[in-house]
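Protein chains: 2
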Amino acid sequence: MAVRTAAAIAHPNIAFIKYWGNKDDLLRLPLNGSISMNLGTLHTRTIVSFRDELRCDTLKINGKEISGEALIRVRNFLQIIRSMSTENRFASVESINNFPIGAGIASSAAAFAALALAGSTAAGMELSEAECSRLARRGSGSACRSVPAGYSEWLAGEDDLSSLSVSIAAQDYWDLIDLIIIVSENHKKVGSTAGHALAATSPFQHSRVLSAPERLQECREAIQNRDFNRLADVSEKDCTMMHAVMMTQKPPLFYWEPLSLEIMKTIMEWRKDGIPCFATLDAGPNVHIICPASVSMALQPRLEKIAGVKEIIRSNIGGSAVLV
Amino acid sequence: MAVRTAAAIAHPNIAFIKYWGNKDDLLRLPLNGSISMNLGTLHTRTIVSFRDELRCDTLKINGKEISGEALIRVRNFLQIIRSMSTENRFASVESINNFPIGAGIASSAAAFAALALAGSTAAGMELSEAECSRLARRGSGSACRSVPAGYSEWLAGEDDLSSLSVSIAAQDYWDLIDLIIIVSENHKKVGSTAGHALAATSPFQHSRVLSAPERLQECREAIQNRDFNRLADVSEKDCTMMHAVMMTQKPPLFYWEPLSLEIMKTIMEWRKDGIPCFATLDAGPNVHIICPASVSMALQPRLEKIAGVKEIIRSNIGGSAVLV
Numbered sequence: 005m006a007v008r009t010a011a012a013i014a015h016p017n018i019a020f021i022k023y024w025g026n027k028d029d030l031l032r033l034p035l036n037g038s039i040s041m042n043l044g045t046l047h048t049r050t051i052v053s054f055r056d057e058l059r060c061d062t063l064k065i066n067g068k069e070i071s072g073e074a075l076i077r078v079r080n081f082l083q084i085i086r087s088m089s090t091e092n093r094f095a096s097v098e099s100i101n102n103f104p105i106g107a108g109i110a111s112s113a114a115a116f117a118a119l120a121l122a123g124s125t126a127a128g129m130e131l132s133e134a135e136c137s138r139l140a141r142r143g144s145g146s147a148c149r150s151v152p153a154g155y156s157e158w159l160a161g162e163d164d165l166s167s168l169s170v171s172i173a174a175q176d177y178w179d180l181i182d183l184i185i186i187v188s189e190n191h192k193k194v195g196s197t198a199g200h201a202l203a204a205t206s207p208f209q210h211s212r213v214l215s216a217p218e219r220l221q222e223c224r225e226a227i228q229n230r231d232f233n234r235l236a237d238v239s240e241k242d243c244t245m246m247h248a249v250m251m252t253q254k255p256p257l258f259y260w261e262p263l264s265l266e267i268m269k270t271i272m273e274w275r276k277d278g279i280p281c282f283a284t285l286d287a288g289p290n291v292h293i294i295c296p297a298s299v300s301m302a303l304q305p306r307l308e309k310i311a312g313v314k315e316i317i318r319s320n321i322g323g324s325a326v327l328v
Numbered sequence: 005m006a007v008r009t010a011a012a013i014a015h016p017n018i019a020f021i022k023y024w025g026n027k028d029d030l031l032r033l034p035l036n037g038s039i040s041m042n043l044g045t046l047h048t049r050t051i052v053s054f055r056d057e058l059r060c061d062t063l064k065i066n067g068k069e070i071s072g073e074a075l076i077r078v079r080n081f082l083q084i085i086r087s088m089s090t091e092n093r094f095a096s097v098e099s100i101n102n103f104p105i106g107a108g109i110a111s112s113a114a115a116f117a118a119l120a121l122a123g124s125t126a127a128g129m130e131l132s133e134a135e136c137s138r139l140a141r142r143g144s145g146s147a148c149r150s151v152p153a154g155y156s157e158w159l160a161g162e163d164d165l166s167s168l169s170v171s172i173a174a175q176d177y178w179d180l181i182d183l184i185i186i187v188s189e190n191h192k193k194v195g196s197t198a199g200h201a202l203a204a205t206s207p208f209q210h211s212r213v214l215s216a217p218e219r220l221q222e223c224r225e226a227i228q229n230r231d232f233n234r235l236a237d238v239s240e241k242d243c244t245m246m247h248a249v250m251m252t253q254k255p256p257l258f259y260w261e262p263l264s265l266e267i268m269k270t271i272m273e274w275r276k277d278g279i280p281c282f283a284t285l286d287a288g289p290n291v292h293i294i295c296p297a298s299v300s301m302a303l304q305p306r307l308e309k310i311a312g313v314k315e316i317i318r319s320n321i322g323g324s325a326v327l328v
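Protein chains in written order, with our numbering: chain W, 5 to 328; chain P, 5 to 328.
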């Protein structure tokens, strides 16, 4: 049988309302919904080919053959695709990122969004956006948010069928910019999959989850009304809440570095002084400074002057995962 | 009538299980109990004199005449003493600290413990330790913990009568040292009295208060059994929990400075490597490193090597508030 190939591009995303902790770790059903925006400047491009001659699934990232846990995770994911389709051969997966992986820019989100789309297409399926989002979730929870375009809300749902993301505003609806300050390029000591599983050991996780619907509504309305201050307030609070849960887990997980805190506190001061900007961090030390595109050019040189800041990645808002 | 004078010395304290938030702000009845140790090397020495010729209460701290809010707080406190006693004259209060005030070393705790003892004695009363602790609480909540000796537990209680501190172990029961790293000598932007009143605006305060009895028991037992690792685990967790509440209050209260976080993370690493030490912070940026006296001499030079650390104050454990 002929080689069947497909290629897709997907963007990482940065969450305003965070995902932390599952009600089902295997299916990656989250305890609370979450909201993010896709990062258009950053992407992962993935080619999947199902081939007769392969004796196992293979994975290359940025040109390098990968084994170990990352390969196992991809194999498990390809197994789900095979079980959904008539394709039962092994596949080669080649992924190229244009951004550093494992440092708090959600590389696995872009990776599994692209893999879900390319893999399902190569396997002969034509998934709807909802179906593709649901599938991507099985590889990495936040990947489901990278499937729809622009501002994306992951509806927590109750089961595999109902847990998926939808776009709540297109990428051109509101022109925000993410200035990502790279605090560390080191790989995380504790990956987020392991961290999620321990979320329940924090005495604060229950309150965080219980109060998430209010923050989701606040965030959704802030985006729909392009109300920057409202988005800033709720995002800042939700970020602190997630990191407070992480820091009170057993064992404690401190993703904040001193420089992260320095930047967060500086940004809070600037916002008090009337500059529209706020900081948010995913499961890593890098700080994402969100601001309207109109102020981003003036903000960037000010950020570069903070002692210790070396690299800033600038991103606009991205579209959906697409076949290429 | 003759001048009536008394002088007392009291120590500040550092809390292992923290006090944050009241069920009665006026009476300073706390939402949860707390446990601390007195810092013997640091003290406040206070002289109170009730005199015929005074036309109002006066206050001197470290030789400087004080007015404004600090004076009002002391006057309100002297008013309580007058209402309890037959003394109805105004008083002069002179306080001398041998440590910097307003930077996270609980200066108000030592101040009101000394004032409660000196003031009540000058007014002709002979209060029991329990009565004096209860009185000190009215001036500053944590001051009630500085009245009894050594390791002190504040029993939250239900009303003015039942809310006071008792010693759970004498100062020579367990030879711990506090190495206080002065991160900032600046006065706090938000004082803790104002911060306490906003504790309820954090979505985490309720869980913190609800789970405090477990941590109190854990801490009490750790002290009674001289179990350093147990004390370290529960104190570190309780400290993070209090600061998580502060950071998620409205408005957020970030007492941690980048250097505070740097030290906290370094200490966590050292402890993983087997060095018995842990870090805790009250409502300020200074980091208190607690360790057995036997390792404190080796630890201090290592702490001094952390970039940015300028001043370290070393304290042993202190006794009760005493008349001098």
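Careful: at least some of the hints might be erroneous.
Identical copies carry no separate label here, and so any pair may be met within one copy or between two of them.
[As the list claims (entries may be wrong)] Simulated crosslink set (DSSO-like; lysine-lysine; CA at most 27 Å straight-line): (1) 254 <-> 276; (2) 276 <-> 309; (3) 314 <-> 276; (4) 309 <-> 27; (5) 254 <-> 314.
Read the hints as simulated data drawn from the structure, not as lab findings.
Cross-check of the supplied hints:
1. In this assembly of identical chains, the alpha carbons of residue 254 and residue 276 lie at most 27 Å apart only when taken from different copies (14 Å versus 35 Å within one copy).
2. When the C-alpha separation of residue 276 and residue 309 is checked against a cutoff of 27 Å, the pair qualifies only within one copy, where the shortest distance is 19 Å, while the shortest distance between copies is 35 Å.
3. For the identical chains of this complex, residue 314 and residue 276 are intra-copy neighbours only, at 25 Å inside a copy versus 30 Å across copies, given an alpha-carbon limit of 27 Å.
4. Taking the shortest Cα distances, residue 309 and residue 27 never come within 27 Å of each other, neither inside one copy (43 Å) nor across copies (45 Å).
5. Taking identical chains as interchangeable, the C-alpha atoms of residue 254 and residue 314 are never at most 27 Å apart, the minima being 33 Å within one chain and 32 Å between chains.
Hint check: violations occur at hints 4 and 5; the rest are consistent with the structure.
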